[in-house]
Structures are given as C-alpha cells and as structure tokens.
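As you go down the protein sequences, you meet chains A and B in turn. Our numbering numbers the first residue of the first sequence as 216 and each following residue consecutively. Our numbering numbers the first residue of the second sequence as 216 and each following residue consecutively.
Hints in this document: simulated from the structure, not taken from any laboratory.
One copy or two, it doesn't matter: identical chains are merged, so the pair holds either way.
Cut-off 25 Å, straight-line C-alpha distance, at most; resulting in silico cross-link-like pairs (DSS-like, lysine-lysine):
#1 K236 <-> K253
#2 K291 <-> K253
#3 K368 <-> K348
#4 K313 <-> K236
#5 K291 <-> K368
#6 K313 <-> K368
There are 2 protein chains.
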Amino acid sequence: MDAVIREATPTDVPQILHCIKELARFEKEPDAVTISEKELLSEGFGEDALFTCFVAERAEEIVGIALVYFRFSTWKGRTLHLEDLIVTQDQRGKGIGKALYQRVIQYAYEQGVERLEWVVLDWNQGAIDFYEKSGATLLKNWYLAQMDPNAMKTYLDRNT
Amino acid sequence: MDAVIREATPTDVPQILHCIKELARFEKEPDAVTISEKELLSEGFGEDALFTCFVAERAEEIVGIALVYFRFSTWKGRTLHLEDLIVTQDQRGKGIGKALYQRVIQYAYEQGVERLEWVVLDWNQGAIDFYEKSGATLLKNWYLAQMDPNAMKTYLDRNT
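With the sequences and hints as input, model every part of the structure.
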C-alpha cells in the first residue's frame, strides 16, 4: 500500500468531488449528486467544519476518501459516523480502503467517542464479513427513514 | 394539545436527562445510559453546540423531547438527523409526540436541509405507518454497523 493517508485540505476538494461523482456514476445515479465544490469547502473546512475528510493520495492523485462527522447519542454522548469510504475504480484491491478504514478507527479512538458507526447495504456480504471480522457489530432490525423538502412542505401545509 | 414546544435551555437539562433515563428503564436498559448532565450541557448549548433539543413543556414540566443534529451527505450536503423523540410515559396519547415531530420537520425545512432522517425499529409497525403516512420514505435494506472503543483498540493493536 503505497498511498499516503492524510486529512484533506481545501485544494483537494475538486478531486474529492470527482471521487464522489465517479461512485455515483458507477451506482448508476449520477444525477443524485447535487453537492458542489463550494458546499464541500464551506462545510468541511474552517472552524465550524461539519465533517472531516481523510484522503488517500498516490502519485499526487486522490485515489480514495473517507468522510466522517460527529453525531450525538442520548445514551452514549458523542459518536463518530463514517458517512462514506470510497476508493476510485482503478485503484481497488491495493489495500487503500483498508488503510482509510484503519485511519477512521484510529481517529474515532483518539477522539474518545463511545461509538463509531456507519451503514452497509444488506446484500453487500463482502463488506459485512469484513466489518464483522474487524470487530464491528451489525444491527439488522432498523429501517432508515428519510423525508425530502417536498414532503416536509406538504406535511407542514397539511398540519399548520 | 396544551403543551408548549420550544427550544431547550441549559436549565432544562436535568429534566431532559430524566426523560432519557425513563425511556431506557422502560426499554429495560437503564445501565446503557452513560451520559451525564455535564455532557448534555457542553454538547448541546453554546456556540459550538453539536445538537439542538426541542422540549414539550406542560405545567412547568418537561413531558417530551426531540433531539436533532446536522449530518452531511456526500450526495446531498447538509441533512438533519432526528436522534430521539421521547414523550414521558404518563403523557402519551395527547398529541405531544406529533407536535414535537411537526416542530422538527418545520426546523428542517427552515434550515433548508435536503433531507431529514432518522431510524425506526423494523417491528414498530405503528411508528412505521405513522412515518409513511406523514410523507417519509423507509429504506429497508441497510444494516447499522457499530464499533465500541474496546473493538477499536483491539483492531488498532492488531493492525499497527
């Protein structure tokens, strides 16, 4: 594994967005990515940063990212959420994903959070096996609920 | 519904913790709550607050809470997560939960986030029906993954 894992800097943002969009194209949902470089810059850097992004760099190119942020459990307090771990298509199978995963665990441990958490698709058995072998616990009886702005507006119009 | 819904203030923290612990006792997991008033105060109030808590107040008593915080989607940008919505045992069935839910949706809409999100247990059909009727979408093919500090340490010791 000859990639270097480090925290992202603002100048990495174009390549970070490139990684995000490449994965969305691979998942056949290119139009689902509505985020811009400007939003990544304003939300990820500076004193009030909402997230922290780690990047894997190889030959001056960003070949993977892991994006994390803090959450808050009413039982445990501050936790760290791993939102996305991406390795670019042509750089897979070289240990880059594992190196990013390890860096995220190290960061969570250093930050003293009571829990590191993320989600995984129920059909992705390779990932599930990897996570369980690494010491993670999988909770299989929860559904994710989401409401988009149109649904919010409809609900509020109907109930106010 | 004669409860007032408002943002929590630091003086509400003892009653907020009371609500959290009452629910944990009801769920037969009283020892799972390791959070303190001090942590709720430092994480929920002030300029760097990690979360926002709404409370339902009735006769000068906190009878419910809804705790939210921002997350970050690599596709959509800033989102709002509803971590917990609790109504105390003896105040259920009075519309307090619905009023807190509506306040959270209003807050998400005002904040301009692209998504409001939360999780629900797959056997909680009453809640699932309520959420779907309110316009939420349920994603049923994800597992939650969690790693605690002991597992982090074991992983790091084994891999570094």
